[in-house]
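Keeping the supplied structure of chain W fixed, place chain A upon it in accordance with the hints.
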Amino acid sequence: MQYMLMIYEDERVYGPEKSGPALQEVAGKQRALRDELGAVWVGGGGLRAAASATTVRTANGSQTIHDGPFAETKEQLGGFHLIDVADLDEAIAIAKKVPLAEDGAIEIRPLLSG
Amino acid sequence: MGAAALGKAAREAGGRIVAAIAARFRDLDIAEEAFAEACARAAAAWPDRGAPCDPAAWLYRVAQRCALDEMRRRRTRERHRPEPPAPAPTPEEIVIDDAEIIPDERLRLIFVCCHPAVSIEARAALTLRLVCGLSIDEIARAFLLSDAALSQRLTRAKRKIRDAGVPFEVPGPAAWHDRLDAVLSTLEIAYAKAHEDAAGEGPRAWYASEVLRLTRILAELVPEEPDAPALAAMVRYAEARRPARVDDTGAMVPLSEQDPVLWDRPLIAEANSYQAVAEAKAGHGYRVVQARIHRAWCARRSLDEPPPWSDVLALYDTLVERRDDPIVRLNRAVALAEVAGVAVALDEVQRLDRDALERFLPYHAVRADLLRRSGRGEEAREAYEAALALGPTSAERRWLQRRRDACHAGIREDRP
Numbered sequence: 000m001q002y003m004l005m006i007y008e009d010e011r012v013y014g015p016e017k018s019g020p021a022l023q024e025v026a027g028k029q030r031a032l033r034d035e036l037g038a039v040w041v042g043g044g045g046l047r048a049a050a051s052a053t054t055v056r057t058a059n060g061s062q063t064i065h066d067g068p069f070a071e072t073k074e075q076l077g078g079f080h081l082i083d084v085a086d087l088d089e090a091i092a093i094a095k096k097v098p099l100a101e102d103g104a105i106e107i108r109p110l111l112s113g
Numbered sequence: 000m001g002a003a004a005l006g007k008a009a010r011e012a013g014g015r016i017v018a019a020i021a022a023r024f025r026d027l028d029i030a031e032e033a034f035a036e037a038c039a040r041a042a043a044a045w046p047d048r049g050a051p052c053d054p055a056a057w058l059y060r061v062a063q064r065c066a067l068d069e070m071r072r073r074r075t076r077e078r079h080r081p082e083p084p085a086p087a088p089t090p091e092e093i094v095i096d097d098a099e100i101i102p103d104e105r106l107r108l109i110f111v112c113c114h115p116a117v118s119i120e121a122r123a124a125l126t127l128r129l130v131c132g133l134s135i136d137e138i139a140r141a142f143l144l145s146d147a148a149l150s151q152r153l154t155r156a157k158r159k160i161r162d163a164g165v166p167f168e169v170p171g172p173a174a175w176h177d178r179l180d181a182v183l184s185t186l187e188i189a190y191a192k193a194h195e196d197a198a199g200e201g202p203r204a205w206y207a208s209e210v211l212r213l214t215r216i217l218a219e220l221v222p223e224e225p226d227a228p229a230l231a232a233m234v235r236y237a238e239a240r241r242p243a244r245v246d247d248t249g250a251m252v253p254l255s256e257q258d259p260v261l262w263d264r265p266l267i268a269e270a271n272s273y274q275a276v277a278e279a280k281a282g283h284g285y286r287v288v289q290a291r292i293h294r295a296w297c298a299r300r301s302l303d304e305p306p307p308w309s310d311v312l313a314l315y316d317t318l319v320e321r322r323d324d325p326i327v328r329l330n331r332a333v334a335l336a337e338v339a340g341v342a343v344a345l346d347e348v349q350r351l352d353r354d355a356l357e358r359f360l361p362y363h364a365v366r367a368d369l370l371r372r373s374g375r376g377e378e379a380r381e382a383y384e385a386a387l388a389l390g391p392t393s394a395e396r397r398w399l400q401r402r403r404d405a406c407h408a409g410i411r412e413d414r415p
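Protein chains in written order, with numbering that gives the first Met the number 0: chain W, 0 to 113; chain A, 0 to 415.
Pulled out of the complex, with its shape left as it was, chain W reads as follows (with noise of 0.2 Å):
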């Protein structure tokens, strides 16, 4: 099965645009884990900081594009990890593995296709 581990921190701890020493240090953490995974690991990668984000939005059938992203949380979205096991257990086991610079969370998300 194929899940999605994203990873919530409140993105303060790695400075200004994210430029700080904190993310060097976490980022090469981060190679290191999708090394480790091998073929585990399908995808991912570390986002820009929410201020980055541009949301477009569809209500009532129109569209509109707004500055930010789609919702204000004190812990963003700030990577994600695309990995592929055999279950929940063994996506839980590499979720306690990824690196982080303070606290956070990683949600852990099934792909619908499995």
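All the given hints hold, so there is nothing to weed out.
Straight-line alpha carbon distances no greater than 20 Å define the calculated EDC-like cross-link-like pairs of lysine to aspartate or glutamate that follow: (1) Lys159/A - Asp88/W; (2) Lys7/A - Glu36/A; (3) Lys96/W - Asp177/A.
Some residues of chain A that are not near chain W, with every Cβ distance over 10 Å (derived): (4) Ala139; (5) Leu153; (6) Ile188.
Hints were generated in silico from the structure; no laboratory data involved.
All C-beta atoms, glycine included, are put in the ideal place defined by N, C-alpha and C.
Leaving out everything else, chain A in the frame of chain W:
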């Protein structure tokens, strides 16, 4: 004849059959529906032709075929290539070749039902439904929920298990500790529901033996975890006292007044050996201490021996250090009343968080008892009424009514 045999087989082997099918097909809904379908077919066939010699094996075999059919239908619907059909046995074959052993996959199923990805509220209900085979109605009553609310909770949990890809496996050693705790808590809740019914005649008393069995399997499987044998010991100590929990009039008998001669000694001996295992693992956790309290009670041999109140109080003091919650404090107060006096205990109970305990029947019963013994008859009577309003089982109701009727304002009594 057929209906009685079916009821018995469904009740006794239902959990095992559902578990075996769920483990094979990795789908809880298919397992549940296939078992229901097998029971429906049995209900139609057995009254005329008579029950097969091994009804459980018959149900298992037919349920397996129903599950296989359903899997094929689904595959066809999804436009995948169907698997080649398995040779279908004729009804005669089913009756003749019915000595098949049903594989016991219940432990696997418990770990699925108690997976941390399943909501806590749904775990116990799902385990009771799938592993112990309780009806929706029975579980709904045990959890004070409507049938509709419970069904919805179960449906949501089963969908989560399927969609999230929860594995149908017993977890590996690295995940044991966390996963085991979820399982033990679920079994604790399940046993508590069975234990509430002192007379053992209610709809959920029968599955106490099921919980005993499951705790034994867990204790054997995780020899390094003291909590598993401690829980196995605890439910055995509690179950051993069942024969003494109700008097001739059908009223509940409080623990300190139960005649130890009536207790099930072989079961207590079994509990003692589980507890010895837990103690040998240097277990000092919550469950191990709780089992020690039960052991202290079950060491009593006759009503001539004084009840072990001071030991029990000391153990509750330890328990409060492990888990300081209002229910532990309430139980401690019962022992405190015997050791330090009713006034001290009542003071302690009055300080507990009333809002948290408002719907907890023992809170009102303990409070009522302490008020009665303090000579505050009118308040005691009100507390008994509050307990009775929470829908006790018949044995408990009789006992509470008797105590309530014995309340007269101004009469002081230091021993019940």
